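Novice: Each chain, letter by letter, is given below.
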Amino acid sequence: MKIIPDFFSVRRNLLLLGMLPILLGLAGCKPVVSPPPGRIVIRYWDKWSGFEAEAMRAVVDDFNASQNRIWVDFSSVSQINRKLMLAIGGGVPPDVAGLFGNTLAVYAENNALTPLDRLAQENGVSQERYIQVFWNICHHLGHLWALPSSPASLGLVWNKKVFRENGLDPEHAPTSIEELEKINDRLVRRDKQGRLVSVGHLPSEPGWWPAIWGWWFGGDLWDGHHITADSPANLKAMEWIASYPKRFEARELLSFRDGFGNFASPQNAFFTGRIAIILQGPWIHTFIQKFAPPDFEWGVAAFPSADPKRLSGVTLVETDVLVIPAGASHPREAFEFIQYVNTLKPMEKLCLGQRKFSPLREVSADFFSRHPNPHIRTFLELAQGPQARSVPPITIWALYENDMKQAFGKVWTGATTPVAALHEVQVHLEQEFTQRQRRWDRLADVLQQKWREE
Amino acid sequence: MTRLQKRQLLTGLLFVSPWVAGFLAFSLYPFLASAYFSACDYSVLSPAVWVGPDNYLTLARDTIFWQAVWNTLFFAAVSIPLGLLMSLTLAILLNFNVPGIGIFRTIFFLPSLMPLVCLAVLWLWMLNGDVGLINAALQPILKTLNSLFSLSLTPPNWLQEPAFAKWGLIFTGLWGVGHAMVIFLAGLQDIPRHLYESAEIDGAGFWQKTWAITLPMLSPVIYFNGIMSLIGSFQVFAVPYVMTDGGDGPERSLLFLATYLYQNAFDYWNMGYACAIGLFIFILILLLTLLATKVSSRHVHYEGN
Numbered sequence: 001m002k003i004i005p006d007f008f009s010v011r012r013n014l015l016l017l018g019m020l021p022i023l024l025g026l027a028g029c030k031p032v033v034s035p036p037p038g039r040i041v042i043r044y045w046d047k048w049s050g051f052e053a054e055a056m057r058a059v060v061d062d063f064n065a066s067q068n069r070i071w072v073d074f075s076s077v078s079q080i081n082r083k084l085m086l087a088i089g090g091g092v093p094p095d096v097a098g099l100f101g102n103t104l105a106v107y108a109e110n111n112a113l114t115p116l117d118r119l120a121q122e123n124g125v126s127q128e129r130y131i132q133v134f135w136n137i138c139h140h141l142g143h144l145w146a147l148p149s150s151p152a153s154l155g156l157v158w159n160k161k162v163f164r165e166n167g168l169d170p171e172h173a174p175t176s177i178e179e180l181e182k183i184n185d186r187l188v189r190r191d192k193q194g195r196l197v198s199v200g201h202l203p204s205e206p207g208w209w210p211a212i213w214g215w216w217f218g219g220d221l222w223d224g225h226h227i228t229a230d231s232p233a234n235l236k237a238m239e240w241i242a243s244y245p246k247r248f249e250a251r252e253l254l255s256f257r258d259g260f261g262n263f264a265s266p267q268n269a270f271f272t273g274r275i276a277i278i279l280q281g282p283w284i285h286t287f288i289q290k291f292a293p294p295d296f297e298w299g300v301a302a303f304p305s306a307d308p309k310r311l312s313g314v315t316l317v318e319t320d321v322l323v324i325p326a327g328a329s330h331p332r333e334a335f336e337f338i339q340y341v342n343t344l345k346p347m348e349k350l351c352l353g354q355r356k357f358s359p360l361r362e363v364s365a366d367f368f369s370r371h372p373n374p375h376i377r378t379f380l381e382l383a384q385g386p387q388a389r390s391v392p393p394i395t396i397w398a399l400y401e402n403d404m405k406q407a408f409g410k411v412w413t414g415a416t417t418p419v420a421a422l423h424e425v426q427v428h429l430e431q432e433f434t435q436r437q438r439r440w441d442r443l444a445d446v447l448q449q450k451w452r453e454e
Numbered sequence: 001m002t003r004l005q006k007r008q009l010l011t012g013l014l015f016v017s018p019w020v021a022g023f024l025a026f027s028l029y030p031f032l033a034s035a036y037f038s039a040c041d042y043s044v045l046s047p048a049v050w051v052g053p054d055n056y057l058t059l060a061r062d063t064i065f066w067q068a069v070w071n072t073l074f075f076a077a078v079s080i081p082l083g084l085l086m087s088l089t090l091a092i093l094l095n096f097n098v099p100g101i102g103i104f105r106t107i108f109f110l111p112s113l114m115p116l117v118c119l120a121v122l123w124l125w126m127l128n129g130d131v132g133l134i135n136a137a138l139q140p141i142l143k144t145l146n147s148l149f150s151l152s153l154t155p156p157n158w159l160q161e162p163a164f165a166k167w168g169l170i171f172t173g174l175w176g177v178g179h180a181m182v183i184f185l186a187g188l189q190d191i192p193r194h195l196y197e198s199a200e201i202d203g204a205g206f207w208q209k210t211w212a213i214t215l216p217m218l219s220p221v222i223y224f225n226g227i228m229s230l231i232g233s234f235q236v237f238a239v240p241y242v243m244t245d246g247g248d249g250p251e252r253s254l255l256f257l258a259t260y261l262y263q264n265a266f267d268y269w270n271m272g273y274a275c276a277i278g279l280f281i282f283i284l285i286l287l288l289t290l291l292a293t294k295v296s297s298r299h300v301h302y303e304g305n
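Line order of the protein sequences matches chains V and Y.
Sequential numbering of the first sequence, starting at 1, is according to the working numbering.
Sequential numbering of the second sequence, starting at 1, is according to the working numbering.
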């Protein structure tokens, strides 16, 4: 008598085997690749997903194949800031983590990172290798905390087709705020009911950097010691923001903005021509390729400033960075991997895959010709320029950004005056900064001593 | 205590031990720890430094915190009665014995099964100022009002305007009344039929039966749902968090206590302050629950009594 006659039959097993890829596909899983025996396993978390994660995965695979001592286990981790904080607090951090450069200060001052000064020195990693601004971003309190992975800068991105259709020179981008507003006025279109159909530029679209508009007016957010949110130049920028609800109706602006689709969609207002000029980084190329109409024509230039003679080429530069969290099990091996990423070929492979430029001074002869983004050189030149700025290296940056976003929102709807909005930000941030400074003063001596010894 | 009683006690304790262990590790310890950290300057990764009442004094001066308190109280004060009224009305209607009642009950319950994030994304579009369905429905009404009374009313940008943002969120919350509705429905079906029959013999109509029988008999269930809604509305987090993309909404009109706690703990590295906010929420909910218990003691009728 057969007890389990069919279960182990060849036919059944073949069927199950055939279904395996389908089941794995349905589960969204990839077969787990186990590290070869005898290797030191480095756990690496990064925030990237999609094509950006795939670009790094290819570099990790190359590293794993390039030697037989270390194995990097790469994971794409969402909300990495929170998860990394908890992992470090719990004593089980990854060996390498990919963060945004603007979070280094808060991680460093909270004793969450391993200083890399000694490892960099031992391995000959120095400033000469990098574009200065990116090397600077990786430093805080006199220590090196990270090495760059993929950087970016911001520029004015414009829709040439819209310019041409409205009688503007499609090859000429505005160089001053005044010129930007003249173009803006020419591009305003309304329907029969008088509702806005399209405009030239809105500072609220896509609205990712509401804190830094003052830079294009000669302002700054931080003078190295103090918060300067309400400086005269920042006030000028806020007055420029306040001019919008005066020219348009505040409610009309909100309604117009509400009609835009998601940024990553064909309904993106820039791709549909409802907005002709935006502030964006090199990644916009990927979104244009994916979501914009096939005949979409675009250009990149420096974003115009209030004073083009004095403030030409102002841009925000930022970089993703690789760090070794405090308490990592294999810091030396982790640094070996980070250093590998920061050599010419792997870095270019990563940056080509992520459609960005390289943070390294040296670039292969064919890097730009192989690069899919036709405007990548412009973004690089902006990052190398004298007006390239990064966000203040302070622990309250997240709060600063949020407060400025609120101030922007209130001024944008005409709910308050620029002076009142910035004064509120200044007072609140000064209190918060003093409090954080007190925290740092309590820890400074002990931590500096510890970092010098590491 | 006899040997048998000791054995029974030991067996009983062993049976409850998983719950006791879970309570100690995951409820009592975190509660005590957060009470301690609320009196510390603490960022999770740097050592906690005792600062006494500093965090509470800062809370008292923090205008953003008080705005979050106001937003939370407003949301609770409007959404709890509105949610209870809607779920109770639906439960009464769905308690009628009509053909296809099972289908109707399912239809009204289904939206409450929707994950909160999906609910938030769906309502982001429903409440869209330009292409949202809510405004599409409002347009003809406002048009009629405008022509009748020479007004110039326009539909709002729900989640962009501070005056309307919380209302938008309250409407969104009404999609989740299915759970309370099912509990009301169970309570309604538990009311003895003979009470209605006696009332009918005495000539009572629908409203008299509702007022004199349904509501008093349902009062423990109303009380339960009320307390649950109270706790839930003070913990509102996921929907506004998704709707505002992790932010505070226009002019911080959608910043609630739970969001402010989360921001301080994980965005601003201010865990000590976040713990103080957490303790404040705990005490607030406790006081309001005690108040609700006290106020409702005369109006809640238990069958056992």
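Derived from the structure by calculation, the hints contain no laboratory data.
These numbers come from a predicted model, not from an experiment.
Glycine included, C-beta positions come from ideal geometry on N, C-alpha and C.
Don't take every hint at face value.
Derived EDC-like pairs: lysine to aspartate or glutamate, alpha-carbon spacing no greater than 16 Å straight-line [to be verified]:
#1 K290/V with D307/V
#2 K405/V with D130/Y
#3 K405/V with D202/Y
#4 K345/V with D117/V
#5 K83/V with D267/Y
#6 K450/V with D61/V
Covered by chain Y, according to a simulated footprint, are these stretches of chain V (three or more residues, beta-carbon under 8 Å) [unchecked claim]:
#7 171-179
#8 230-243
#9 254-265
#10 362-370
#11 402-411
A few chain V positions that, by computed beta-carbon distances, are all more than 12 Å from chain Y [as the list claims (entries may be wrong)]:
#12 V33
#13 A55
#14 R82
#15 N110
#16 A120
#17 R129
#18 H139
#19 L168
#20 R247
#21 K290
#22 G327
#23 L344
#24 Q384
#25 V427
#26 E432
Novice: Can you list which hints this structure breaks, lowest number first?
Specialist: 1, 2, 3, 4, 6, 7, 8, 10, 14, 15, 22, 25, 26
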